[in-house]
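**Student:** Go by the hints and put chain B onto chain A.
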Amino acid sequence: MKNSYFPGCNLKTEAKGFEESAIAVSKALDAELVEMPEWNCCGTVQTMTTDNLMRRIAPVRVLSRASKHVKELKDSQNQVTTLCSMCNSTLKIVNAEVKENPNDLEKINFQLENDELIYEGDMEVKHFLEILRDDVGYENIAKKVTNPLEGMNIASYYGCMLLHPDKAKIDDEEMPTVMESIVLSLGAEVVDWPYFKQCCGSYHIVDRDDIVNSQVTKIIRNAKKTGANALIVACPLCAYNLDNQQLEMQGVEKDPIPIFYFTQLMAIAMGLPQKVNHFEDNHINPEPLLKELGLLGKKK
Amino acid sequence: MSYDYIEFGETEKEFTSKIEEISGQNIFSCYQCGKCSAGCAFSNLMEKTINHTIQLVQLGKKEKVLQSNTHWVCASCLTCTVRCPREIDVAAVMEAIREYTLRYEPETIERLDLPEELLKKIPNIALVGSFRKKSEL
Numbered sequence: 000m001k002n003s004y005f006p007g008c009n010l011k012t013e014a015k016g017f018e019e020s021a022i023a024v025s026k027a028l029d030a031e032l033v034e035m036p037e038w039n040c041c042g043t044v045q046t047m048t049t050d051n052l053m054r055r056i057a058p059v060r061v062l063s064r065a066s067k068h069v070k071e072l073k074d075s076q077n078q079v080t081t082l083c084s085m086c087n088s089t090l091k092i093v094n095a096e097v098k099e100n101p102n103d104l105e106k107i108n109f110q111l112e113n114d115e116l117i118y119e120g121d122m123e124v125k126h127f128l129e130i131l132r133d134d135v136g137y138e139n140i141a142k143k144v145t146n147p148l149e150g151m152n153i154a155s156y157y158g159c160m161l162l163h164p165d166k167a168k169i170d171d172e173e174m175p176t177v178m179e180s181i182v183l184s185l186g187a188e189v190v191d192w193p194y195f196k197q198c199c200g201s202y203h204i205v206d207r208d209d210i211v212n213s214q215v216t217k218i219i220r221n222a223k224k225t226g227a228n229a230l231i232v233a234c235p236l237c238a239y240n241l242d243n244q245q246l247e248m249q250g251v252e253k254d255p256i257p258i259f260y261f262t263q264l265m266a267i268a269m270g271l272p273q274k275v276n277h278f279e280d281n282h283i284n285p286e287p288l289l290k291e292l293g294l295l296g297k298k299k
Numbered sequence: 000m001s002y003d004y005i006e007f008g009e010t011e012k013e014f015t016s017k018i019e020e021i022s023g024q025n026i027f028s029c030y031q032c033g034k035c036s037a038g039c040a041f042s043n044l045m046e047k048t049i050n051h052t053i054q055l056v057q058l059g060k061k062e063k064v065l066q067s068n069t070h071w072v073c074a075s076c077l078t079c080t081v082r083c084p085r086e087i088d089v090a091a092v093m094e095a096i097r098e099y100t101l102r103y104e105p106e107t108i109e110r111l112d113l114p115e116e117l118l119k120k121i122p123n124i125a126l127v128g129s130f131r132k133k134s135e136l
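Protein chains in written order, with numbering that gives the first Met the number 0: chain A, 0 to 299; chain B, 0 to 136.
Bound conformation, chain A alone (with noise of 0.2 Å):
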């Protein structure tokens, strides 16, 4: 199966491995996942105002070009996958609001003439957590598993953009469980922590990091005190705040621990090629636990 697949901004930017180690997953368990031509920047944030038709614009336009996709891949369905969970939500919010307000959806599509392509309300969004949760399984990512992660005490940071509001929720809000069901099915261990979904200060990063500090503080030394040696994340941002700031505040915090995207993990229990991961990117090496747990190297 094809599915295809959004990148936003961040994903050809900072979060190289994210993008590398999904694709290369996703093709390991045949969900692959094809770029979308001629995709836009979605807005990031969605508006929450209602008369703000403007801000709604973005969005559309991407799913108007992935329903085109669609048709060309032919074996795919009528839905669009993000990984980035900032994109997720904003595609997922605007797409489901044109589609109770066909009025509003009227107006975008007229300003989107010139593309001579038109949103038809056709389309599903998708975050790569749900191809794997309803299209994959987890049963079939555990038979990838050649490097089981023994030893990783993983803390499931999902953050609030997978599971906020109802319109943009891929799992329960209150208690989700398909980030640790999947890192389960990679061999490694999950903790059960309250932070899961604690706000990281977002993108109060620009010019109020001590906001930021203070969520990252409480985060990391929650996940420590509950025995994780690591934190998945699915959202280039949350990412940035967790890791590099950890590094900031070294002379308070001290130990850091890494921060994956779920892909990477998923990357190197299915023994995939190295390189997909970019550590290189990462703010705290992630390479001196992975060899601790005897995790790197095992099969190139």
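Any given hint could turn out to be false.
What the hints assert, rightly or not - Label pairs and their calculated CB-CB ranges:
no., chain 1, residue 1, chain 2, residue 2, range
1, B, Tyr4, A, Asn77, 56 to 62 Å
2, B, Gly8, A, Asn113, 44 to 50 Å
3, B, Ala37, A, Leu292, 35 to 41 Å
4, A, Pro272, B, Asn25, 53 to 59 Å
5, B, Tyr2, A, Asn77, 54 to 60 Å
6, B, Tyr4, A, Leu111, 50 to 56 Å
7, B, Gly8, A, Glu34, 53 to 59 Å
8, B, Glu20, A, Asp280, 41 to 47 Å
9, A, Gly226, B, Asn43, 23 to 29 Å
10, A, Ala27, B, Tyr103, 51 to 57 Å
11, A, Gly136, B, Asn43, 41 to 47 Å
12, A, Lys166, B, Glu20, 18 to 24 Å
13, A, Gln110, B, Ser42, 35 to 41 Å
14, A, Asp50, B, Ser28, 27 to 33 Å
What the hints assert, rightly or not - In the EDC-like style, the derived pairs of lysine to aspartate or glutamate whose C-alpha atoms are separated by at most 16 Å in a straight line are:
no., chain 1, residue 1, chain 2, residue 2
15, A, Lys168, A, Glu129
16, B, Lys133, A, Asp133
17, B, Lys133, B, Glu106
18, A, Lys98, A, Glu129
19, A, Lys166, A, Glu99
20, A, Lys143, A, Glu247
21, A, Lys166, B, Glu86
22, A, Lys224, A, Asp206
23, B, Lys120, A, Glu247
24, B, Lys119, A, Asp280
25, A, Lys70, A, Glu119
26, B, Lys17, A, Asp114
27, B, Lys133, B, Asp112
28, B, Lys60, B, Glu19
29, B, Lys120, A, Glu96
30, A, Lys106, A, Asp50
31, A, Lys15, A, Asp29
32, B, Lys133, B, Glu116
33, A, Lys15, A, Asp206
34, A, Lys11, A, Glu247
35, A, Lys166, A, Glu96
36, B, Lys34, A, Glu173
37, B, Lys120, A, Asp208
38, B, Lys63, B, Glu6
39, A, Lys67, A, Asp114
40, A, Lys274, A, Glu19
Since the hints were made in silico from the structure, they are not lab data.
Even for Gly, the Cβ is constructed at its ideal location relative to N, Cα and C.
**Tutor:** Leaving out everything else, chain B in the frame of chain A:
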């Protein structure tokens, strides 16, 4: 302790209905249970709690609402929205207060001077998100 004389004239009414219009929420649905503030990850940094801000919007106290940092500290994580027992999209109300300032009083917003090394380092989703929430862009 002194109490403000509660006045709800045209000026107050205008502010309240503008916030309701931008957010699409019925602000008077709030019965002050405080669940939004209790679950907020940033309550400790806010000058006024969220439910207090909502009450001030109900009363049309524009100056008090806009002077507080509450809506700027909000990071739109939507925890309050999914937990509100009155099904108010609380985060949308915070967004409406930000939007009100950006649309009608943009001169009150401080311009940021971001160093180049920071701009190079920070992920673009943080920059786009921040500019969309905190500026008229």
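**Student:** Give me the numbers of the hints this structure contradicts, sorted from smallest to largest.
**Tutor:** 14, 16, 18, 20, 22, 26, 29, 31, 32, 33 and 34
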